[in-house]
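Enquirer: These protein sequences, in sequence, are chains Y and B.
This note's numbering runs 137 ahead of the 1-based position in the first sequence.
This note's numbering runs 137 ahead of the 1-based position in the second sequence.
In short, the hints are calculated from the structure, not lab data.
Please read these numbers as outputs of a predicted model, since none were measured by experiment.
Misleading hints may appear alongside valid ones.
Where chains are identical, the list cannot tell them apart; a pair therefore holds if satisfied intra-copy or between any two copies.
Heads up, simulated DSS-like pairs for lysine-lysine below, C-alpha to C-alpha not over 27 angstroms straight-line [to be verified]: (1) Lys504 x Lys314; (2) Lys500 x Lys537; (3) Lys521 x Lys314; (4) Lys356 x Lys314; (5) Lys512 x Lys468; (6) Lys471 x Lys521; (7) Lys470 x Lys237; (8) Lys540 x Lys468; (9) Lys318 x Lys537; (10) Lys540 x Lys314; (11) Lys537 x Lys512; (12) Lys471 x Lys512; (13) Lys356 x Lys318; (14) Lys537 x Lys339; (15) Lys521 x Lys318; (16) Lys500 x Lys199; (17) Lys314 x Lys143; (18) Lys152 x Lys318; (19) Lys199 x Lys521.
There are 2 protein chains.
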Amino acid sequence: MKGFFKVTDLEHTLKYSAVFPNVGTEFIELHEAFERILSVDIVSDINLPDFARSTMDGYAVKASSTFGATEENPAYLTVKGTIDMGKPASFSIGSGEAAKISTGGMLPDGSDSVIMIEYTEIIDKTTIEIYRSVAPGRHVLATGEDIKKGDNILSCGQRLRPQEIGLLAALGKDSVKVYKKPVIGIISTGDEIVPINNIPDKCRIRDINTYTLSSLVQKAGGIPVAYGIVGDDFDALLENCSIAIAHSDMVLISGGSSVGTRDLTVEVLSSLPGSDIMVHGISISPGKPTILAQTSGKAIWGLPGHVVSAMIVFEIVIRPFIEKISGLSLKYKKELRIPALLSRNISSAQGRIDYMRVRLIEKNGIKWAEPVLGKSGLISNLTKADGLIEIGINTEGLDKDSKVWVIPV
Amino acid sequence: MKGFFKVTDLEHTLKYSAVFPNVGTEFIELHEAFERILSVDIVSDINLPDFARSTMDGYAVKASSTFGATEENPAYLTVKGTIDMGKPASFSIGSGEAAKISTGGMLPDGSDSVIMIEYTEIIDKTTIEIYRSVAPGRHVLATGEDIKKGDNILSCGQRLRPQEIGLLAALGKDSVKVYKKPVIGIISTGDEIVPINNIPDKCRIRDINTYTLSSLVQKAGGIPVAYGIVGDDFDALLENCSIAIAHSDMVLISGGSSVGTRDLTVEVLSSLPGSDIMVHGISISPGKPTILAQTSGKAIWGLPGHVVSAMIVFEIVIRPFIEKISGLSLKYKKELRIPALLSRNISSAQGRIDYMRVRLIEKNGIKWAEPVLGKSGLISNLTKADGLIEIGINTEGLDKDSKVWVIPV
């Protein structure tokens, strides 16, 4: 494959994600399920609530007993008792009768509505005066009003937020079937890379990428596994890569930044059994030298060695692949892009999508995206950024005050 | 304290967070530090890069050797050798000389700039022709240009994103001092609450709140510890509460929804040694009956029993308290609120801040916030929502097309 370098556009690159199968599934306890992705549809086997509940503190009544009641012309009702929480009433309610009830209490037979305590006055032990009429169903959550038995309430591919966890708890699902977290192997390459606890000689640098990529994998819901640093050596990289692929659902090789290391990565990826180089170069900047290969149904990436490029490629290209194999449904993939106005003119090259780092600043109730200036290779600049903006492939630049959508990083 | 119920406004409630001390600190390994909060300032003890690095593939030169070079009038340079990655050059560069260099390579002594390979042509083994002039410093990252020795690069109270983890790796910080994750005790109360793996009798409901609150605590960076379900019993709640406080940095009691349970919670909180009821009622809806007490420098909350109210109170009120004791600096607290236009008129009561659930919908490049209609108590509605909008205390409602800021949930 050496020498081949036909750049693929971003859209086509992202489409390859469909090729890779989802990871397997597992049952986990509900208290461990936050942010996990459901691998089944959930159908309710109960009504929620399972009984008519009061949504206010007051008196359960037949609505018809209150019709016509006003401040000037109150109605008088006989109080038959108090509804204890967690217990059914031992009596029923007829015309002209009421039962004291708390929020969450079960309506006694015969009652169909609740009058708020604020519109009542106690006359004696068994009599109240009421100043308002209520319609049937008022301040009552009817049986099945929240969820009906048989409702499809959550879907396969949905990521579980606190509210979905709550809904599963309400249905008594103390364990839940989810997709496993994909295991992502991470390899750093390049003769100039040393472990971070070493003091690098002049002309070497520490292995930043293993750490940033591991954090990004965690952020994307995967489990990072570091396979260490490999020098610019074909056999060593092939061996390390083969081990990583055998134990991972996807592998990220962050190449040294030099052409030599990049060529080496392609050679190794081409030599893996049954491998196929799907993408060799993407028309984005930074990140153009990115390589995507597949072997045994797993994606292996050759990433630019420079940390800033590698992070941007991860955010824009690799994260969607991890989400795909994690089983996340597109329907539930909320792309949180923040609209803002650009604070200054910026220029860009045509023929590629440019990603620029921006700070988000709020002034007079308007959100501004302020480009973080400085050379693109500075990691310190990335720590100053709140997000990225995309400058389209056929755009020479963007004017001050243009509307942009900021991808938070 | 019984009977006392003077509502506090949100702003004053939030100010009480300053009263509670931060949790302790710990050293952790860098690979575990993603999303943790730094408890020290980080000062760089090195320059980054620690040597002048090429940012392109090309030739390292003295810029003055290239002055005047054009397509029509190229300059000719003598190639003294190739810079190996991770090794210093064994030679230096003088006028009219060049060294082949890769991205990331260390500039040899005497050179001050790099000419891109695209603007050169090989004439013979030791001679290249160049078509452009470069200025000194071109395509070079100078020593200390990213980070200077002595720079204060990260601050106490900062939450570590992948890029900050990368910066710490670059500095060789393989362990890092962070705030501990606060431990948050969670108690469910109410005679009507049963464990989720039980089939509730009619008139009882499952313990949803322990699960939603645990997920919310995780989302806020805390460690949830469940202390189970306590019936409406003073002694049992006092005992459970005392145990939870002894082992936690904060305690959340989600009260049964009835007035009786709420009164009980206040009585128990008032009976704790040295306790002080700081807030009894907040002028927000939902969530008005919220109680905040302190004992031994720890916050104890009495939350509404209804899951939707409890979740909204958590998001709006409790999360900032957890962030405070977690050591998160206000400066690094990015409130991710998404601007959108309201899709329809909504009404609201004055004298309180109302929180309304909305879906985010994009139409023709405009983000719309669409209120999720239906009774406020429905948990199914919360699963349909993407966020909350706030309707101010002196506002009777908001018109269609109003600009709103959506708080993602």
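Enquirer: Are the hints correct? Go through all of them and say.
Expert: Hints and how they fare:
{"no.": "1", "hint": "Lys504 x Lys314", "result": "neither (41 angstroms within a copy, 33 angstroms between copies)"}
{"no.": "2", "hint": "Lys500 x Lys537", "result": "both (15 angstroms within a copy, 24 angstroms between copies)"}
{"no.": "3", "hint": "Lys521 x Lys314", "result": "between (40 angstroms within a copy, 21 angstroms between copies)"}
{"no.": "4", "hint": "Lys356 x Lys314", "result": "both (21 angstroms within a copy, 21 angstroms between copies)"}
{"no.": "5", "hint": "Lys512 x Lys468", "result": "between (38 angstroms within a copy, 25 angstroms between copies)"}
{"no.": "6", "hint": "Lys471 x Lys521", "result": "both (25 angstroms within a copy, 13 angstroms between copies)"}
{"no.": "7", "hint": "Lys470 x Lys237", "result": "neither (46 angstroms within a copy, 46 angstroms between copies)"}
{"no.": "8", "hint": "Lys540 x Lys468", "result": "both (25 angstroms within a copy, 26 angstroms between copies)"}
{"no.": "9", "hint": "Lys318 x Lys537", "result": "neither (42 angstroms within a copy, 42 angstroms between copies)"}
{"no.": "10", "hint": "Lys540 x Lys314", "result": "neither (42 angstroms within a copy, 40 angstroms between copies)"}
{"no.": "11", "hint": "Lys537 x Lys512", "result": "within (21 angstroms within a copy, 44 angstroms between copies)"}
{"no.": "12", "hint": "Lys471 x Lys512", "result": "between (32 angstroms within a copy, 25 angstroms between copies)"}
{"no.": "13", "hint": "Lys356 x Lys318", "result": "both (12 angstroms within a copy, 18 angstroms between copies)"}
{"no.": "14", "hint": "Lys537 x Lys339", "result": "neither (42 angstroms within a copy, 62 angstroms between copies)"}
{"no.": "15", "hint": "Lys521 x Lys318", "result": "between (30 angstroms within a copy, 25 angstroms between copies)"}
{"no.": "16", "hint": "Lys500 x Lys199", "result": "neither (56 angstroms within a copy, 46 angstroms between copies)"}
{"no.": "17", "hint": "Lys314 x Lys143", "result": "neither (42 angstroms within a copy, 46 angstroms between copies)"}
{"no.": "18", "hint": "Lys152 x Lys318", "result": "within (22 angstroms within a copy, 40 angstroms between copies)"}
{"no.": "19", "hint": "Lys199 x Lys521", "result": "neither (63 angstroms within a copy, 33 angstroms between copies)"}
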